[in-house]
Amino acid sequence: MAKYIGRRLLYSVAVLFVTSIIVFGLSRAAGDPRHIFLTEYSTQADWDAWGKQYGLDKPFIIQYIIWMGNAARGDFGTSLRDHVNARLVIQERIPATLQLTVGSFIMAIVVGLPLGVMSAVKRGTLWDYIGRTWALLGQALPPYWLGVMLVLLFAVVLDWLPSGRKGDWTHYVLPAVTLGWGAASGMLRLTRSAMLEVLDSEYVKLARAKGVGMNGIIWKHALKNAIIAPLTYSGLLLGGLLTGTVITETVFSWPGLGRLAVTAVFNNDFPVLTGVVLLVTVIYLTVNLMTDVLYAVIDPRIRLT
Amino acid sequence: MTITSEIIKPIDDVSKGRLQTAYGWFRTYPVLPVAIIVILLIAVAFAELITSHDPERANTLDDNEIAPFWDSKGSTEYILGTDHLGRDVLARIIYGTRISLLVGVSVLVVGGVVGTSIGIISGYFGGNVDEVLMRLVDMTLAVPFILVALVVAIILGNSLTIIVILLVMFFWTAFARQIRAETLQLKTMDYVAFSRISGASDIRIMYKHILPGVFSTLIVISTLTIGTVILVESILSFLGVGVPGPTPTWGAMIADGRNYLTTGWWIAFFPGIALLLTVLAFNFLGDWLRDTFDPKLRQLVR
Numbered sequence: 534m535a536k537y538i539g540r541r542l543l544y545s546v547a548v549l550f551v552t553s554i555i556v557f558g559l560s561r562a563a564g565d566p567r568h569i570f571l572t573e574y575s576t577q578a579d580w581d582a583w584g585k586q587y588g589l590d591k592p593f594i595i596q597y598i599i600w601m602g603n604a605a606r607g608d609f610g611t612s613l614r615d616h617v618n619a620r621l622v623i624q625e626r627i628p629a630t631l632q633l634t635v636g637s638f639i640m641a642i643v644v645g646l647p648l649g650v651m652s653a654v655k656r657g658t659l660w661d662y663i664g665r666t667w668a669l670l671g672q673a674l675p676p677y678w679l680g681v682m683l684v685l686l687f688a689v690v691l692d693w694l695p696s697g698r699k700g701d702w703t704h705y706v707l708p709a710v711t712l713g714w715g716a717a718s719g720m721l722r723l724t725r726s727a728m729l730e731v732l733d734s735e736y737v738k739l740a741r742a743k744g745v746g747m748n749g750i751i752w753k754h755a756l757k758n759a760i761i762a763p764l765t766y767s768g769l770l771l772g773g774l775l776t777g778t779v780i781t782e783t784v785f786s787w788p789g790l791g792r793l794a795v796t797a798v799f800n801n802d803f804p805v806l807t808g809v810v811l812l813v814t815v816i817y818l819t820v821n822l823m824t825d826v827l828y829a830v831i832d833p834r835i836r837l838t
Numbered sequence: 042m043t044i045t046s047e048i049i050k051p052i053d054d055v056s057k058g059r060l061q062t063a064y065g066w067f068r069t070y071p072v073l074p075v076a077i078i079v080i081l082l083i084a085v086a087f088a089e090l091i092t093s094h095d096p097e098r099a100n101t102l103d104d105n106e107i108a109p110f111w112d113s114k115g116s117t118e119y120i121l122g123t124d125h126l127g128r129d130v131l132a133r134i135i136y137g138t139r140i141s142l143l144v145g146v147s148v149l150v151v152g153g154v155v156g157t158s159i160g161i162i163s164g165y166f167g168g169n170v171d172e173v174l175m176r177l178v179d180m181t182l183a184v185p186f187i188l189v190a191l192v193v194a195i196i197l198g199n200s201l202t203i204i205v206i207l208l209v210m211f212f213w214t215a216f217a218r219q220i221r222a223e224t225l226q227l228k229t230m231d232y233v234a235f236s237r238i239s240g241a242s243d244i245r246i247m248y249k250h251i252l253p254g255v256f257s258t259l260i261v262i263s264t265l266t267i268g269t270v271i272l273v274e275s276i277l278s279f280l281g282v283g284v285p286g287p288t289p290t291w292g293a294m295i296a297d298g299r300n301y302l303t304t305g306w307w308i309a310f311f312p313g314i315a316l317l318l319t320v321l322a323f324n325f326l327g328d329w330l331r332d333t334f335d336p337k338l339r340q341l342v343r
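If you're matching them up, the sequences are chains A and B in order.
Heads up, the first sequence is in the working numbering, so the first residue is 534 and it goes up one at a time.
Heads up, the second sequence is in the working numbering, so the first residue is 42 and it goes up one at a time.
Please keep in mind that the hints were generated in silico from the structure rather than gathered at the bench.
As the structure is a prediction and not an experimental result, all values here were calculated from the model.
Even for Gly, the Cβ is constructed at its ideal location relative to N, Cα and C.
One or more hints might be untrue.
Not everything, but these chain A residues come out facing chain B in the computed CB check (under 10 Å) [as the list claims (entries may be wrong)]:
1. V548
2. V551
3. W678
4. G680
5. A688
6. H754
7. V810
Based on the provided sequences and hints, a complete structural model is requested.
Pasting the structure below:
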């Protein structure tokens, strides 16, 4: 078990390393940062002083270590747009993204899990039909287009819900549905196939033969055994939702990390963008790592492979 | 995941009406998906013949935001209306097909070659080679793709080549995993052993005996993946880091239309429908190909 966790941890660190090398390498490929910070009135002495202060005169690998060291302390540099520490800009956007992610996560589970169970149990009925259509559309619907169409229907035509930005609870509905839609369909698909498999098993047949009621079989015997895959999937889901916020927040002008990253691209605000990317990568990897460990705890067979 | 799995083979019965036979066909073969894909290919090849409108420029200065033809304010000149700059929406959708399919196909060709090679090498040699390559797959899948794409866009700018390279760097994994699993089975076959006994080199065995064996899997994965590739490309376009304008792309059209929902809903609506139908068509065709030619893949694909 310890060996398994250790190996997983090692992968996560490796991915973080690779991502940070990509980000850092690209940032240096873009040119010497002094070109951005120093004006045409700066002297050669200023240039050298900056180089010394930020280690720009040192070889690439040393520069990377300095940069990573700063990043680990939350110092990504000064935002080129707001002229304050990028960390402050990023920090104030975190709550909005977390609220949105949690909201859509809840939606994915509340909709996906029961509908998946119903779809499997009532196979071939209307429930199954609704479930499978949702699963199919979840894969094929462009998430941003779904968001735009929801705005069109519920904000423009019907005028029931606000079209974007933060506010009272009604402002959460459309963004959370947009972000959670695909996740719910994934959850539904997994629950459905796991339930179908379990319902076909010997012990369910035995329970049925012994005269256990249908509700007892579904919720006690079948779901308990079918839940492992959806449960671990929900961990991966959280990571996926986090990166999905880039799209949803752009559609709804939601003041979170994803929107910050996109606007940073257009403002050429590199410190902010690198900060967001590294932060999200760390959270994403941590969630995935926790999922893997949770999986191994619940299902001992995983540890052996 | 599939609806096509419920396929019922039609019984050839002369007493059946023509309508019923057509319905049987419809259920057995992916008629609709293939029809949609053929329409897409025609749009790609003959865009200039189908529409006389310029997708990148308006005809006149005051033709902006004209409604589709069935609207009282619409005209048959612009069947699906015009956008905020007066450009024909239908023409832009038709020309947009080019970018979508060009990106989709090139990513699959390059990614397919890279992924298949890595998959075969990984499965054939096993051991440390396999371990390293499969960890590489794991690592690629763990990178938050869209965010990295944003970083690349800010530095290298956005062009068709960069988009394709970016997508290849991510989508080769889809091939590598499945092809490796397939290779693991194939290499235990007797004909592979005979070939080795008769002195064939590793490269020859991989090329002559393993590759033909994984070919059907390759086709199935390509078809199942192309929809996702097109979808991701459109996401990049929507975020403004895809193929740069004024070249029409479906994602960028939806991004434009988003700002004109109150006055011109059709600008964002129709490109999305085109995208949805395209992705659905490829997914259905892929499902059908898998069920028909490669049933054992069902267990591999989640």
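Consistency of the hints with the structure:
| no. | hint | verdict |
| --- | --- | --- |
| 1 | V548 | holds (5 Å) |
| 2 | V551 | holds (6 Å) |
| 3 | W678 | holds (4 Å) |
| 4 | G680 | holds (9 Å) |
| 5 | A688 | holds (8 Å) |
| 6 | H754 | violated (24 Å) |
| 7 | V810 | holds (5 Å) |
Violated hint: 6 only; the structure is consistent with all others.
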